[in-house]
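Q: Model the full structure from these sequences, guided by the hints.
Those sequence lines, one after another, are chains A and B.
When we follow this note's numbering, the leftmost residue of the first sequence carries the number 1, and every step to the right adds one.
When we follow this note's numbering, the leftmost residue of the second sequence carries the number 1, and every step to the right adds one.
Hint data in this document are derived by calculation from the structure and do not stem from the laboratory.
We put the beta carbon where it would ideally sit given N, CA and C, even for glycine.
Residues on chain B that point at chain A, a partial pick, calculated with CB under 10 Å: (1) THR51; (2) THR53; (3) TYR54; (4) CYS57; (5) THR83; (6) VAL84; (7) MET85; (8) PRO87; (9) THR90; (10) ALA139; (11) PHE141; (12) GLY142; (13) ALA145; (14) LYS163; (15) CYS164.
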Amino acid sequence: MSDRFSGLLLRRADDALVLGHRLSEWTGHAPSLEEELALANLALDLIGQARALYALAASRGTGEDEDLLAYLRGDREYTNLLLLELPNGDFAVTVARLFLYSAFADPFWRAATVSRDRDLAAIAAKAEKETAYHLRHSAEWLIRLGDGTEESHRRAQAALDRLWPYTGEMFEAEDDVLVAADITPEPAGLVEVWDRTVDGVLAEATLVRPKACWMQSGGRAGRHTEHLGHMLAVMQSVARVHPGAKW
Amino acid sequence: MVGLRERALRERAWAAAAGVVDPEIPVLTIEDLGVLREVVVEGDGVEVRITPTYSGCPAMGVIALEVELALARAGIGQARVTTVMAPAWTTDWMSEAGRAKLLAYGIAPPPRAAGRRALFATEVAGCPRCGSEDTVLLAEFGSTACKSLWQCRACREPFDQFKCH
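A: Okay, structure coming up:
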């Protein structure tokens, strides 16, 4: 059970850390000061969620600490969604990715607040409120871009089309033993609420929902795009050069 | 008599820990915030339990360190600070005294009954300077992860609001 539980925690922690790191790459490059602060705040929420999940995994027997889990695992050991490791692209891709993921993460964490594991439920209770802000913020931007100028509309639609094949992976089956024990929600059960959120916002944004297509997969098994290794090389560079550094 | 000694130690430790302030909002103590949860006596020492506010709050590390220092200054040698996650902190745990101090400091306190309804309700933050409710949200993500930026239309002053969580 403890291996299964740490597997669950690492999947969710890796999602949060990888997306948090991608958002942090905007620091110093955002289109406006207001958005600069917003993106840094969103990244901080996600990295904080990741930290709590890694610390819980460590305390339940992975035998490593949170820093080892974040900074000394290679790309094949990361089990995050492929969607979250893709490069930021332009601002529309960043916004569309955050929206597509938050529309899933928001109901996921809300459902996880009643997990039979008290510590995971407590982490979910925080993550749920934070993710609600992320969903609202990214939805407002997607509407502004989609229903904005010809250029912003074109870019927002292109972002959606590019990311769409990566959305199926969010709903892949979670560990059935943990689902049966009411420790984690089953992601497949969130498809309807995700569809409703996405369709509502896309309609308001005058964007077209991409057609159903073949879905990318592999992140949960450690098979990643070529982008994750490069991202980790930067993210882990200081920790790998100075292992165990204290200051 | 052991019971009395334990109680005295517990109270001394609580008083010392309760004086630690939030490094980002130094008018609030961790007792005002609801971050200080419990003091447990263990033999001659104590365990102080604190709970994190926001997932990514960078102040938690400093708060834990400050609690250790405060206990050492109070002459309590054997002390450890532990972090408890459950139940999860919410802005509803902020004390009345804390809300009043925030307002006097120029920060609008968080809306009550933190929950999804409050999170998505039509928000109104009263101006902490002139009290007007004719205010406008300028930026949802403000100077720290726990604040949003507002402006008062009546007195024109910009101000922070402690966000509902």
